[in-house]
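K.L.:
For reference, the chains in residue letters:
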Amino acid sequence: MALKALDIYKLLPKKNCKECGDPTCLTFAMKLAGGKADVDLCPYLSEEAKSVLGASTRPPIRLVRVGVGERFFKVGEETVLYRHEKTFYHPPGIVFRVRDTQAAPEIAAVTRRVRDETFTRVGADLRFSGIAIENTSGSAETFAKAVAAVEAEQAHLPPVLIAKDPAALKAGLVHCGSYRPLLHAANKENFREMCALAKQYGCPLVIRAATPEGLVQLVKDCTAEGVQDIMLDPAPETLGAFITRSTQIRQLAITRSVPELGYPVFLDSTLTGQQDAAIVLGIVKYASVIVTDPLTPGPAKAALTLRQNIYTDPQKPIQMNPGLYRVGTPDKDAPVLMTVNFSLTFFTLQGYLESTRIPCFMLIVDTEGMSVLTAVAAGKLNEFLVRDAIKKFGVENEVSHRKLIIPGYASPLSGRIEEATGWKVLVGPRDAAEIGEFLHEEWKK
Amino acid sequence: MRTVTFLPGYRKIEVEPGTTILDAAQRAGLNINVVCGGQGKCGKCVVFIQSGKVEFDRQKYGQFFSEAELQKGACLACETSVQGDIHVVIPETTLIQEQKILVEGVENRIDFHPSVKKYYVELQPPSLADPSPDLSRLLWGIQKSGGPVAEKMYAPLEVLREIPGILRHSEWKVTGTIGLVPGGYRLLDLQENDTSSRVFGAAVDLGSTTVVAYLWDLVTGKVVSVASNYNKQISCGEDILARVNFARKNGLAKLQSLAAESINQALTTASNTAGIDREDIYEVVVAGNTVMTHMLLGIDPAYMIAEPYVPVVRRALSVAAGRIGITCNPNGGLFVFPAVSDFIGGDIISDILACGMNEREEISLLIDIGTNFEVVLGNREWMFSCAGAAGPALEGGEVLFGMRANPGAIEKLTIDPASLDPTYSTINGIRPRGICGSGLIDLLAELLAACVIDRTGRINTGISNPRIRKTAHFPEFVIAWADETEINKEIVITENDIKNLIMSKASVHAACVTLMKEAGVSRREISTIYFAGAFGNYLDKKNATTIGLIPEIDPDQIRNIGNGAVAGANIALINRRTRKILDEIAYKIAYIELNAESSFMDEYTSSSFLPHTDLSLFPMVQKMLDECRIRKA
Amino acid sequence: MSFDLNFGWTSTIGEVMLGATKADGGTRRLSYRIGGGTTLPFLESRADSPSPLIALEICDYLPFWSPIVKNYCGDLVNSVGEWAKAADASYGADLIRLYLTSTRQRNFSDIASIRKTVEDVLSASSLPLVIEGSNEPKIDSEVFQTCGEAAQGERLLLGTAEAGKYRSVAAAALAYNHSIIAQSPIDINLAKQLNILLKEIGVQRDHIVIDPYTGALGYGFEYSYSAMERIRFSALKGDADLAMPMICSAIDSLTIKEVREAEPGLQDELATRWEFYTGIAAAAAGAEIICVRHPGTIPLLRKAFTDMKKPAGPSAVR
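Residue numbers (my numbering), protein chains in the order written: chain G, 1 to 445; chain S, 1001 to 1633; chain P, 2001 to 2318.
Accuracy of the hints is not assured; some may be wrong.
[What the hints assert, rightly or not] To give a feel for the contact side, a few chain S residues facing chain G, derived at Cβ under 7 Å:
hint, residue
1, 1382
2, 1389
3, 1520
4, 1590
Just so you know, the hints here were simulated from the structure itself, not pulled from any lab data. Beta carbons: idealized from backbone N, C-alpha and C, even for Gly.
Please model the entire structure based on the sequences and the hints provided.
P.N.:
Structure (structure tokens):
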């Protein structure tokens, strides 16, 4: 995976024939190194070279789909232990669990909650991912009724069926088999029946064992039975056990030392007795499906936010939509502060501006998410961008003055911005925390 | 007529009264620095009148000189006119330095294979017995004189029309000029009698700010003169972006003609200095950055300045000089260097040719620093390149007392670690007016070694020394007191200036490291670092390494190639065989977009430390700094 | 088939002592040794590896503080001594972090009051103490000297050094043998640079705690999370200039929109969960000190840390 462009180049024919679409073998090698091209594009590669190059591009962790339709989600195909090495690709499904010992109306209410509850932040709608139904009663019939109660709500959510007895799962599948539910769980005693059910309905199957050896053996057994879509439940007794085992699975999978562990991980957050902590650790330590009891607003929002944060691509910072934002109710004399559309910058500045209680405008320009310093160094933040933004967002209609406050790190651009826009530029502080003082001293004048 | 005697060489020339000293010098074959083209703007053409009467407006141009100098008779050659017989001293620094540095080396190293040759022939006139047409008679004559096979030569229409008259008027004694162009051997010119000693060619660096031209005698393979002037496009915009926007609004024609005129001015000056006729210049080789090249050729560069940054053409081009308004021989040809991408242009290919990194197995790193910088890493098998904006700090911009490398700029500097007093030298030796790029690099390195600044460039205001001061804005260090300077003000460097310098150098170093990472090459595997760009002339290699501008390698392996663009153009002019490989070189270079490299910003932050956050990359610098600290303590 | 995780660590996290007991010349009832990690957080096989410490943040001037805290704690927040006592006796914190917010008032100059505040807190609680000084360069030096001297011998953790202002706090730390919090804006390179600068003026590595700056959950937390992971990784791979324990303090947690605008009955829940989710994630990334402002968060963190430290049995890894 860590093959450098030059190493790859050494394996290429170096004919510069352009048949792959790139002008030279070296640029093709660069694309391969960055995962932006397919090895098969080169018609002159030796089989050996192909296998060396190809081997490193197959994903080490299988992609598994849960559910169907609009709310289905997919997990797996992860490649790193630390998100900063590249990114985490597929956020875990966080699933609310109902027990079949609960009354039907309660079950229905939870289902509706998952269906409807949406928490919007940073322009994204965050929702819980599915419904888990647990066979607490031990009775197949009761279990089937509970599953039916969920499906009666027509929410079409991805289901997770949790039962020790394959017969209960079988009964439950009658009601929701077409929704590709995740089945929990196969162990060394019941795996044959579980696999049969998984195959029959085309469902992904969780296998459960407390040791890596146990998991490996079960993977072998289940794949021999013909089941490919597998998830691993390392049966943690404590939070510490989960951290250890999940880290182990992830590391052994991505280094391809133990390919049998190349599957997404399942976590039931209540089994360790510490639900919230388990959810946090599940999100940051590689769980792909997290089952939890329905959460009250505090943990609910925090969980969805944490998942959104951790699964953001670190190389693509979150961006705000460029535009003219208001802080408070600014009038025609209100200050206009220009900055970049990197969300962290935006929120930080906005926060400080709000606390100054001075109504003002924030003119957010499109630097593709780059921070001020980066955007200035890369030339992305330039006088033309500012000039075009002023025009595009009608700033000259909103204020009667022509004074623009720019971030301290953009000071090298001040002269050029003045020339390009005709506005007077005031260079603000480098640290947004000082904006209050700046406005008090410089703007009020 | 008045006699002008130039010292120290006692070269004499007779001129009309009123002639400028500059003209006189050029006629006398002395190459005076005329960066601004003789407009009294750059202050480089300083001479001293030892005796005799001249007219010079001291009021107007006195700013370039100190009182002491004026007493000694200093004046600007371009603005001083001869009135009586005079003796003029031309200081060494006023003569074009480049000529000395590069010319000697260059002539020795280049294989001589010009693409233009003249053949003097004495032909048998036609007769009834020998009725072959004029053209074939001429071409056969040329072939017999050692020229190419007649069938391989051809004559363009313009020349064809001249042939009958010239042949008969000269009684069949003519000189034919044959140029090897992509189409074959072309008869560029036919002249009466023997003009075979007059074949000249020019190699031009078409920079955004200055144009430099070398005029070569293509018979002897020697440089006859050098000229440089400002690029006239500056009137339409300071930088490339501004000019392209000008073109969008007002059309390309003006920029095209200004580019051609800038080259013409250089050709004219060079021709005058050498005492030759511009019409005897049969070939001009041009190396410039991609946008400049497009504008010179009248090709619309509008689509180059925005994503996806695509040039119209990047291969090497041969164009008839007349079609783009270059005033050399009307049938003369222009050869334009190829480019790699929007940002790596013919000037960089020229740098590569000049330093020869494309021929060697060892890995070299080439850095061309101007307002923008370009970096190329590689060897004869592979090359990676990238480009970025260093910001103007390294050229003196954005630094309070920064300036370009003009007279009065502090260009070298050391600081006594105990007293913190600087010792410096300025360009032209006059009192300081400011500090230029090479001086700034020295300053940064010395301040670091003296523990005046920490590794982030912040000044330690706790040191009690009158040179270290807090102010209302930024802390500063006094380089020169008001009574030492030419401008009657103190020359200082502020913490903000230092920050800008560090940011500039961080961009360059981060670019180098990004290429090294892409190639999987460590600094130990780099055998040579080449510096190019006008900036490269005065750089102190040790100090450049100390501040972490470049990766640390053995200082003996760091080379200044000065103006690599013109050096490469010279090579291509004199040795036409090198032109074939230029396209190959350009083609082979993989361009890396720094903005798209996620690791670049990380490396940039890492490089924003003196010399670098990872001190293990600079072991020699570390050792030196440790020793300084010990001595300090 | 081997299940060994050969991470290839070549080094360990340095250790820092906080607090001094009578035996060491102080008046604290206990002292802590933080750091010393030999692998990724919570993968240690050694039973005596420390749990993250939980610090309660208090201040001496309330207007700069979230009203949620006052609503929860009541009037005791009006007296910094009472507050410190509660932090120790009632809320169960491991450390007290005292913010001298009074120094951030315009034209503040009452240095004598600072001394008194520090003394009050030192006598109100015998827990090791972290003191956050002023932000105003003009009085910085005096404030840090005063704190340093008032708490001489107690092995404080003094905050906060940054690249542009580290000399004052470092001077006080060096003079009175305290440790320093070194803060950088979520960038591993800048964190390392600051540690190098501190080293060059004489601060020992075992007297530095890294603060990579923690953005609140939803407001940049993931950047901080990754910065911590990277610092930890580099440290274990041998970078001595990053091998220090880390502190996490998401000070904006109580002022961000989701918490500020929560319904009155839910505010405490939102506040504590916001701090909790941040704290657990930060601990998983390697932070050794977790700071909170809502006392309700403390028992939640404590319980979780206990379970996170329980080793995994036979498949414990290195």
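K.L.:
Confirm or reject each hint.
P.N.:
Going down the list of hints, with the structure as the test:
{"no.": "1", "hint": "1382", "result": "holds (6 Å)"}
{"no.": "2", "hint": "1389", "result": "holds (5 Å)"}
{"no.": "3", "hint": "1520", "result": "holds (4 Å)"}
{"no.": "4", "hint": "1590", "result": "holds (4 Å)"}
Of the numbered hints stated above, none is contradicted by the structure.
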